Structures are given as structure tokens and as C-alpha cells.
Amino acid sequence: MKPSPRMLALVTDAFGGRGGIAQYNRDFLDAVAKGGAVSSIKVVPRNARGFYLLPEKIKQTPAHPSRSAYALAALRTALSQPFDLVFCGHLFMAPLAALIARLKGAKLIVQTHGIEAWPRPSYSQRMAVEAADLVLCVSRYTRSAVLNWTAIVPERVLVLSNTVRDIFTPGDGSALRAELGLQGKRVLLTVARLDSQDRYKGHERVIAVLPRLVAQGHDLAYVVVGEGHDRARLEAVALRAVGSERVRFLGEVEVQSLIKFYRMADLFVMPSTGEGFGIAFLEAMACGTRSLGLNVAGAKDALADGQLGTAVPETELAAAIARLLVEPKRDPSTLAAAVRARFGREVFAAGVCTALNRLMEAA
Amino acid sequence: MCGINGIVAYHSSSSVPDEAELLATRDAMRARGPDGLGVWWNADRHCGLGHRRLSIIDLSDRASQPMTSSDGRFVIVFNGEIYNYPELRTELETEGAVFRTTSDTEALLHLYARYGAEMVHMLRGMFAFAIWDEQRRGLFLARDPYGIKPLYTANDGWTFRFASQVKALLAGGHVSRDPEPAGLVGFHLFGTVPEPFTLYREVRALPAGHTQWVDEAGPREPKPFVNLAEVLARGSANPTPTAELPERVRAGVLDSVRAHLLADVEVGVFLSAGIDSGAMLGLMRDAGQREIRAITLAFDEFHGTSEDEAPEAARVSEIYGARHIVRRLKEREFFEDLPEILEAMDQPSIDGVNTWFIAKAAKETGLKVALSGLGGDELLGGYASFGDLPRWRRRFGPFAAVPGVGLLARKLIGAVVPSFALARPKALGLLELSGSWAGTYLLRRGLFLPHELPVVMDPEIARDGLRRLKPLRRLAASLVPDPRSDSARVCVLESMHYMRNQLLRDADWAGMAHSIEIRVPLVDFKLLAALAPAIGTLKEGVGKAALANAPSRPLPTATQIRAKTGFGVPTGAWMSIAADEALGPAASRTENKGLVSRRWSSTVLNGLAQMDHRAKVHAA
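Protein chains in written order, with the numbering used here: chain A, 1 to 363; chain B, 364 to 983.
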């Protein structure tokens, strides 16, 4: 019987990291470890700031933020023990991962997330992706973009969608609503970073349609959760548009509070043009709150082509918000269950197993 | 001929497919199957299959598709004909299979249930089919060894779709129209889009002689089940004595023609004044067919001249007692049909116009099925390429092997004698490409050469397309293992590229547009295997002579001599006029056939691009 393969994972961050990519890497590696397809996983992160617990079978080296130190650490780790699989958690690391996979005679998996994989990358990154045995993409859009610039066999490029954690569930959000003084109002919510490079998230698009919605008689409040360098500018934009009362910037919140925000909102809206997937849509819907986005890029996947949430062209954003605010609410439990049926942890874990089995069957 | 299509939402996150999409794709193939239609969904509606039927074997409704196995586990949609179906049925019944119909479709279901993917090795015929296995929740697809029947797939990462036509897949409204640079470059290089590419990145051909499996883990890479080069390499290793060639050809081709007559409707024949179609007619008679309608395309421009094929075809027809129908074609009809021709063309092609009109003629006579002599030149060394390629390799190959010589010569001639470069652009590539069989073949068949692409198309698309297409590597890969003789190498190259991507595809779309099934007995894997030991030692003219003498009453000597001089067709001149109208007048009124083809290719591409644009606007 063939021994189970050993995996080397090169990641920007995973255990001890923050943000969507770190979360995805944790979800992926956790599912690999639990799935039983590999005997061990050695994670080499560039960043690991916070406290973390490692699942069984997973070991993580100290973080090396500098690029050269990271490359040396990855090579040293790779050469010090046998590996059969190399998982590359970010396109930027693909050349290094491809080199290591070649040196070790190991199979190579390259993970692509979103915006980093849409434009044509450097020559070395492209060659590394073309050398991969499997390329995983978080959405159909990212897969399509990758296939636009690589000459890789398309059957080797799979979609492994983001998943939503079990802690996001429906519940009563009235306490938070009262705390914020929003009783009787219709609450729109966006959860996203507020950095200038993240303006594609679409906060300004929502702010721009608010005056029209208010004029139509909707008693609205727009709650923005998230932090970033662009916050002051956005606050000024909101102030000019509808005054200070209608738009609340509440900064970054801990996950338990975040769940309450999702439950409290009448509509989660994120008219982003640059989502690799848009995990916040899933979190909102898993909490039973309807979600609205644009029908572009990865958001179409998270909104399931309109079967879970609503995906519209930008020109129809105001009309869609108005319509969803007056339509009867979908039963939160039913919506949450539908989200889990497509994007729940079990579905994700099964997808990871399936992808690894594909790799093994090709061996 | 039929039209098949299907949707499999294989990914755990994918949405349930839309019935309207399945029907839109199916009904975009109306002409492929005017006699019936069907649709099937599995219980959770994650797999849907569609079918348009042209009834040829078992005309009853029992043989309608999608067809389900008696235990409900397997469901099939099938386009094509299985010529050894009677033998397979007998064997299957001996093993206990119970048939509900007399169709070859049902035999495929039984074979798959018993032998799984290995069943493709048992089939003789032209086929593209998909079988859904409800128990394994997967889809098995297969396409015949030569790629006579088309099969296109599209995978967006969640959902897998397939259909007999590219345009049908697009008509469903869920397949991306993002362009594929390799397809566009391929069209400029070869005058047709080389598989597996199409003009659209998301749409790919399942390559000829391949199977594919799709399940919850997505579509697997297509797997080859035959290798033409290997068959010929084996044949070359055990060559047959030259004296045995006539008998081998006679027995092999008669057997193939007999097999290709299997039908519950009348089978006619396309008859030119050449050897291939004449032999088809003679062998149909030898195979025992009593009533034969033979259809010849003739041109008013040639009436009463030595270029007219009709009188010679009439003589051949008379010898074999066929009912001869001559369909005359005028220039006006060519121009009247041109928009329809472009509409029916599934992917751009610089050929297929003659097939359009002969199929149209067949339809007018009420035929549904006709034999064609297509493939005789590839199989039996009928093309000039069988002489040209080895000669060019011998003469220019050694120079081309010196690094930089070809490039230098091209630059030098282009600078010193630009008029020569303009009139004979391909001659410039001689020293650059004749160092390999792949390069020499590209030189021989190329419409444009790689170095010309940045001039005739967007340079960035040209560069990107060449990188994705890898034309020389792709051509070279078809010669693995080495077929071990010059004629066998050319046979493989012509069969796997020109015939597959151009002739057979043209026969499909042009025939399909008139609901005519074109059968090609000279494109038969069993026949290839039988003749492989003789192909490696074929001398010029010997193979075609053997074919001319294959019928018990050989083709008249006049036909054999006449065939060597070739025939002209005025469609080339008409294409030139059409290109003038679309692109402006040609630089020279004395342009050769190659230059006309180049201008015609732009006309075709522009015409299809306009249609594509209209379709996009309509969809939006």
C-alpha cells in the first residue's frame, strides 16, 4: 500500500493570520488534514501574528516576513524532509513553489483567490502555474481569468469555492438595533475594508443611491463595518450625500459582534466590482440576512447566480435595494440552510477531498 | 446524423441548470435532426440531456433519444452510426442482452453497461455520444477515431455542457464568448480552427479518438483510445508485398463500403468524375445495392468544356447502372446562398462550399444519406503532398537544420526582392520550416505562415495564440510513434490535421445544414488497419490505381487518366469576387489559389464576426 503523501504548504498567512486569504488557507489545510488524504502538513507562513492552535497533523514553521528570508526558509524546510505535495497558497509564491516541487519531484497545487490572479502575471508566475498539477480557484470568474493567461489544460483548473464558518447562524438582532438607535429603520449593511485600494468594494455606490431611496420614502440607515485609511474620505462623502444620521461607520468589530450586525441588518449590500468570491455575502446569508451585489466577478458565485442572493447590474442597484426592502423577507433559517447546502463546511471539505483525489488518481 | 447536447451541474455549489438553456441549445441544432426531439432530466435535475433526431436506423419512436437502459441506470444521446451494429447485437444477445429496438443506440447502452469505457474499441463507425450513469453520477463521452462526428464541450468550473455544434452551445446563453487566441491563430495558419481549440476560450472540441469522464470532481482530461501513427508504425514494421496491394485495397474498401450501407433509408452517393467517388459507386453495386442515386455537381461556366465533370460522371454512372442526377450551379446561386453558408458554418473554414451545394442537391432529391469518396487521397497517397513533403525535406531540410539560416534567408529575400515575397509568401518559409516534418507540413498546408501573422492580425493576439497553440509541437506530436516511412508520415499528417479539421468538419456542417448524413467509407479505422502494411511502401499513383480497380468492373481508363489532370471548380473564382466585395479589389488579378484562399479567409472571418456581434447584441 502506498504511504499517504506529505504536504508542504507555502502560504502568506494561515494559522495566526487575519483576513480572507488566511481564513481560506486555514479552511483548506484543516480540511486536508481532517480528510485523511495526507499524512502530514508542514506550513511555512510569511506572517503569523496572532495566537493560534494547530489542528492535528499540521505543523507550522516560524513566520518570515521578508521575501528572501522566506524563500530560504521554504527551501531549507523543503530540503530537510520528504514531501510529495506542494501547496502554494498565493500566486506570488508560485515560482518558488514550482521550483521546490520540481526539486522534490512533488505534485504542485497552486491556489488563486481573486484580484491577484485576474491580470496577466509575470512570466515566472505564469510558467509556474502552467507547471502545476492542479490549480484551485475560489470562483468561476477567477478560473476564467486564469485560463485567459495560461496555456494549462483547463481540466486541471478547478473551482473550490470559499466556505462559511458554522458560527454564522440566524438569530435575533434587535438588541444591537436598539443599542444603535435604529428601531423602526430599514438597515443596510456593508462589511468590508475601507482602504483606498479597496474602493471597488462599492461603499460609494451605496451612498450615491441613498438620497434617491430616502426621497422615495424609505426610512433608511446605512451601517458600515470595517476599517481602513479611506474611512475619513468616505465619511465626508456620506455626510455630503445624506447627512451624518443616515450613515454610520462603526469600524472593525470582533467576530461575535459581526454576527450580531449581520442579524440586525435588513439587507446586506456590497456592490463590489472586484470580489474574488465575496465571503461576506455568505456570512450575511448564513445569518439569515438577504444579500445584494453586482453581477460581476466572483460575487456571482457567492450569490449563486441570484438563487441565494440578488445579483444585478450597477445601473439597477437603487431599484434592487428599493425592491428588496419592501419584499417579504425570506425565512432566515431556510436561507441559512440553503447557503450551507452549497457552501457549508462539509461541502467545502468534500470539495477538498475531491480535488486531492483528482490529483492522486492522476498519479 | 443528429444533434446532441447536455448539461451537468457537477459542482456541489452549482445552480440547477435551466431547462430553457437545454432546449435553446438543442433547438439551435434543428437542421441536424428534423425528425424528432427529446429531452431528459435525472431525478435531482443536475443532469439534462437533449437530442434532435435524423432517423436512419430504426425509424420508429421506440428508438427516440435520449434513450434509457431498461434498468434506468444509463441514459444516452448519440450522434452517428455504428456500422458493425448487427454483429455487436448478435454477440450481445448471445450474452443475454434483451433489445427493445433495432437501433444501434441501444447497442451502445448494452455495451457500456458490460464493458464500460473499453466499449469504444468495439465500435466501427462515426460517433459522438454521451452516456449518463445515474449510479456513479457521471457522464461518459466519446468521439470516433477520425473525428467524423463533432462534439464540443464547455466547462465554467461549476457546470459542464456539451453539444454537436459550437454555435448551439453559445445559443444556450451561459457559455462565455471570450475569444481564444489559439483558435484565431490556428484559423490563419490552417484555414480552419484546429481542435481542440475553437474561436471561444471556454468551448473545446473533445478530440477525435478520445473519451472523457465527468463527475462531481469535474471533467477529466480527455483520454485517447486510438493512435493513427501507431497503427501505421506497426504496418510499416510489417510491410506487405507490393503485389498484394490491389487485393488488399479491393477487399478492405469493399468491406468498408458494405458496412457503410447499413440503413433503413436509401443510401445515395456523391459522384464527381474522380476515382474515389467512382469507386464508391462501383463498390456499392458490388456490395449488392440495387437502386443507387448518384448526384453530381456541375457548373454552367464549364458546360461544354473539358472542365465539366458531368459527362465523365454520367459515363461512370451508366457503367454501374445508377440513376444519375446532375445538379447545375450558377454564380448567382452561390451569391444568394453565401449568407446562409456563413450562417451554417459552425466555425470558420476556407472550404466546404462545394459540399454545401452537393448536400443541397441531395436534399432536393429526397435523400437523407449519401456516401462520399472523402479520405481517398489521405489513405492512398493521392495528394501532391505525398511527393512534395519528402522532396522538400530532402532538398531544403539540411539547410534549414543550420540555426539562423532560414530566418536570414527570409529577411534577405524580403528586403531584396519584395515583389517575390508578395507573390510567393510561403517560399520565404522554405528554409525556415523544412527542417522537420511538422514544419514542412505547415509550409505545405499553411494558409499564412507564423512569421506573417503579426501583419495580418493583432500582433499581441498572434503572439499569445502561437504560444497557446504551439503549432509545430502539436503537428510533431501526431507523429509519435514515428510511422517509419515517408508516405505513412504524410498519411498521418493529412488525416489528423487537414482531413480532420477541414474536410470532415466541413462535411459535417455543410451536410447538416441540409439534414444530409454524409458517410465516408474511406475514413474507416478498420480499413486503415487493414491497409497500414501497404501504406508505408505506396508509390505515386499506385494506391489510387488500386482503388480505381477495386470494383469488380473497374473504373474506365478515361476516368483514371482524367483524374490525374484534375478538375477546376469555379467556386474559387466566385470566392475571389466575394472577397473583392467584402475587402476591396485584390492587388493582382492573376493571384494564385493560395492568395485567393487568404482573401477568402478574411471574408469568412469578417462574416462570422458580424454574426457573432449580432448574436451578442441579441443576447444582451
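What the hints contain is simulated information worked out from the structure, not anything from laboratory work. Do not take every clue at face value.
[What the hints assert, rightly or not] With a straight-line cut-off of 35 Å between C-alpha atoms, the simulated DSBU-like cross-links for lysine-lysine are: (1) B:LYS693 / B:LYS726; (2) B:LYS774 / B:LYS586; (3) B:LYS833 / A:LYS104; (4) A:LYS42 / A:LYS57; (5) A:LYS34 / B:LYS693; (6) B:LYS902 / B:LYS889; (7) A:LYS104 / A:LYS59; (8) B:LYS902 / B:LYS726; (9) B:LYS586 / A:LYS104.
Since the structure is predicted, the reported quantities are computational estimates derived from the model, not experimental observations.
Now the hints, each set against the structure:
no.: 1; hint: B:LYS693 / B:LYS726; verdict: holds, 18 Å
no.: 2; hint: B:LYS774 / B:LYS586; verdict: violated, 42 Å
no.: 3; hint: B:LYS833 / A:LYS104; verdict: holds, 28 Å
no.: 4; hint: A:LYS42 / A:LYS57; verdict: holds, 8 Å
no.: 5; hint: A:LYS34 / B:LYS693; verdict: violated, 73 Å
no.: 6; hint: B:LYS902 / B:LYS889; verdict: holds, 22 Å
no.: 7; hint: A:LYS104 / A:LYS59; verdict: holds, 19 Å
no.: 8; hint: B:LYS902 / B:LYS726; verdict: violated, 39 Å
no.: 9; hint: B:LYS586 / A:LYS104; verdict: holds, 28 Å
The structure is inconsistent with the numbered hints 2, 5, 8, although it conforms to all the rest.
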